[in-house]
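J.: When the letters of the sequence shown are read in order and numbered with this note's numbering, they come out as residues 1 to 332.
Rather than coming from a laboratory, the hints here were simulated on the basis of the structure.
Glycine included, every Cβ here is placed at the ideal spot set by N, Cα and C.
Misleading hints may appear alongside valid ones.
[Said to hold, decoys possible] Heads up, simulated DSBU-like pairs for lysine-lysine below, C-alpha to C-alpha not over 35 Å straight-line:
no. : residue 1 : residue 2
1   : K234      : K305
2   : K249      : K234
3   : K306      : K234
[What the hints assert, rightly or not] Label pairs and their in silico Cβ distance ranges:
no. : residue 1 : residue 2 : range
4   : T58       : D232      : 42 to 52 Å
5   : T221      : Q100      : 47 to 57 Å
6   : R174      : D232      : 54 to 64 Å
7   : S96       : E142      : 15 to 25 Å
8   : Q183      : T58       : 37 to 47 Å
9   : G30       : Q183      : 37 to 47 Å
10  : S34       : V245      : 48 to 58 Å
11  : P128      : V245      : 42 to 52 Å
12  : S96       : V145      : 37 to 47 Å
13  : Q74       : P128      : 23 to 33 Å
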Amino acid sequence: MNSQTAAPFCANKQSGPNAVHDIEIILPEGAAASGAQMFRDLFDAANDLIPAQHYRVTLRSLLSPLPEDPQLWQRRTVIFLGDIQSRWQVSPAQRSRLRQLLRLAARVVLVGGAVFLPRVVGQLKTSPLAIHPNFAAAAVEEQLVASDPGQHVASAGIVNSASSPFAALRLLLRLIRDDHGQQIANALGQYLGLSDSSKHEVSKVSLHLRQRACGDTLIATTLQLMQDNLEDPKQIRELAAQVGVSTRKLERRFQDKTDTTPLAAYRMLRVERAHQLLVHTDLPLAEIVVATGFGSRTNLRHWFKKGYGTSPQTLRQQSFAGKTPTALPAYN
Numbered sequence: 001m002n003s004q005t006a007a008p009f010c011a012n013k014q015s016g017p018n019a020v021h022d023i024e025i026i027l028p029e030g031a032a033a034s035g036a037q038m039f040r041d042l043f044d045a046a047n048d049l050i051p052a053q054h055y056r057v058t059l060r061s062l063l064s065p066l067p068e069d070p071q072l073w074q075r076r077t078v079i080f081l082g083d084i085q086s087r088w089q090v091s092p093a094q095r096s097r098l099r100q101l102l103r104l105a106a107r108v109v110l111v112g113g114a115v116f117l118p119r120v121v122g123q124l125k126t127s128p129l130a131i132h133p134n135f136a137a138a139a140v141e142e143q144l145v146a147s148d149p150g151q152h153v154a155s156a157g158i159v160n161s162a163s164s165p166f167a168a169l170r171l172l173l174r175l176i177r178d179d180h181g182q183q184i185a186n187a188l189g190q191y192l193g194l195s196d197s198s199k200h201e202v203s204k205v206s207l208h209l210r211q212r213a214c215g216d217t218l219i220a221t222t223l224q225l226m227q228d229n230l231e232d233p234k235q236i237r238e239l240a241a242q243v244g245v246s247t248r249k250l251e252r253r254f255q256d257k258t259d260t261t262p263l264a265a266y267r268m269l270r271v272e273r274a275h276q277l278l279v280h281t282d283l284p285l286a287e288i289v290v291a292t293g294f295g296s297r298t299n300l301r302h303w304f305k306k307g308y309g310t311s312p313q314t315l316r317q318q319s320f321a322g323k324t325p326t327a328l329p330a331y332n
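Work out the full structure: start from the sequences and follow the hints.
T.: Rendered as structure tokens:
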């Protein structure tokens with residue numbers, strides 16, 4: 001297998017806005033594609049929270065055509081999605097493709113009965129694997145190394161394993177953490193209900209800016225203060241005083257780290273909150289104006305249209321019709 005691992009990703013000025021990490025989900029022959037839906041949902045949610053870099057998910061079988069250029073596989077994660085009922089059987093015609101996939105992939109995820117696949121082509125090392133109890137006896141016969149009892153996920157180098165598809169969701173959160181940091185992984189886990197919620201709401205605007213700032217503490221603290229004061233916005237000089245820096249230093253740090261200003265960031269957090277209230281509540285527009293600190297309908301309408309390209313009234317009509325734009329608002 002390839003010895004590469006995916007480096008943690010920190011969005012900055014050198015990171016392209018259209019960077020893509022390919023996720024290849026390999027299914028056994030005859031398996032229903034619906035079995036991979038919760039994995040698709042996980043990566044769709046990740047894309048929703050991490051606009052700077054996208055995961056692109058493709059479903060294949062072992063005999064599906066592959067891109068011929070090996071360079072395309074340098075950032076590719078291959079998930080072999082087995083179940084907990086049956087060991088994944090490989091025909092002679094599939095073995096060469098399996099060997100190729102295991103050799104080219106930057107990261108390999110073995111789920112359920114897929115833990116036996118590397119053994120089939122002689123590429124299994126002594127890395128501990130998360131093995132479902134249904135396969136424990138067969139694993140001993142095949143001389144697989146099991147992880148500690150009760151451990152449902154395991155990682156060693158590029159080889160990752162999960163005892164079941166449900167356990168694999170936790171494992172994939174770990175891989176997303178490796179790509180984007182603990183904060184993004186925590187937020188995604190909360191967003192999907194895979195971990196306990198924090199006392200603060202998940203804000204896509206805040207997450208995007210924190211990611212661009214590569215975890216800068218001053219910016220993270222300021223953004224949290226902004227989120228805590230959306231209804232009655234503070235002056236930027238007040239925020240600067242609360243975090244213990246000058247207004248000029250705070251503005252320069254935001255510009256250097258996020259390519260935007262504290263004022264624009266604060267405004268987009270309030271516009272985002274207005275979007276949430278318009279789509280998910282039936283609050284009158286006048287109350288939403290108050291809840292987001294815009295002062296007047298005209299002011300809210302101006303900044304909302306600048307951020308989302310549509311008016312608050314149009315968005316609410318679209319939400320009732322089931323056609324709600326969810327794109328991240330513009331920052332400047």
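J.: Does 23 to 33 Å hold as the CB distance between Q74 and P128, or does it fail?
T.: Holds, at about 26 Å.
J.: Between the alpha carbons of K234 and K305, is the straight-line distance 35 Å or under?
T.: Cα-Cα ~23 Å, so holds.
J.: Is it true that the CA of K306 sits at most 35 Å from the CA of K234?
T.: holds (22 Å)
J.: Is the gap between the beta carbons of S96 and V145 within 37 to 47 Å?
T.: Once the Cβ atoms are compared, 26 Å apart, the range 37 to 47 Å for V145 and S96 is violated.
J.: Determine whether the Cβ-Cβ distance between T58 and D232 falls within the hinted range of 42 to 52 Å.
T.: The hinted range 42 to 52 Å holds for T58 and D232, with Cβ atoms some 47 Å apart.
J.: Just tell me: holds or violated, for the beta carbon distance of S96 and E142 against 15 to 25 Å?
T.: holds (21 Å)
J.: Could you see if the CB distance from R174 to D232 stays within 54 to 64 Å?
T.: The hint (54 to 64 Å, Cβ to Cβ) is violated, given that R174 and D232 are roughly 39 Å apart.
J.: Taking the beta carbons of G30 and Q183, is their distance inside 37 to 47 Å?
T.: Given about 40 Å between the Cβ atoms, the range holds.
J.: How does the Cβ-Cβ distance of T221 and Q100 compare with 47 to 57 Å: does it lie in that range?
T.: holds (48 Å)
J.: Is 42 to 52 Å right for how far apart the beta carbons of P128 and V245 are?
T.: holds (47 Å)
J.: So does Q183 sit 37 to 47 Å from T58, Cβ to Cβ?
T.: Check failed, 28 Å falls outside 37 to 47 Å.
J.: For the pair we were handed, K249 and K234, check the Cα-Cα distance against 35 Å.
T.: It holds: about 17 Å lies between the C-alpha atoms, which stays within 35 Å.
Figure legend: structure checked against the earlier numbered hints; hints not met, in rising order: 6, 8 and 12.
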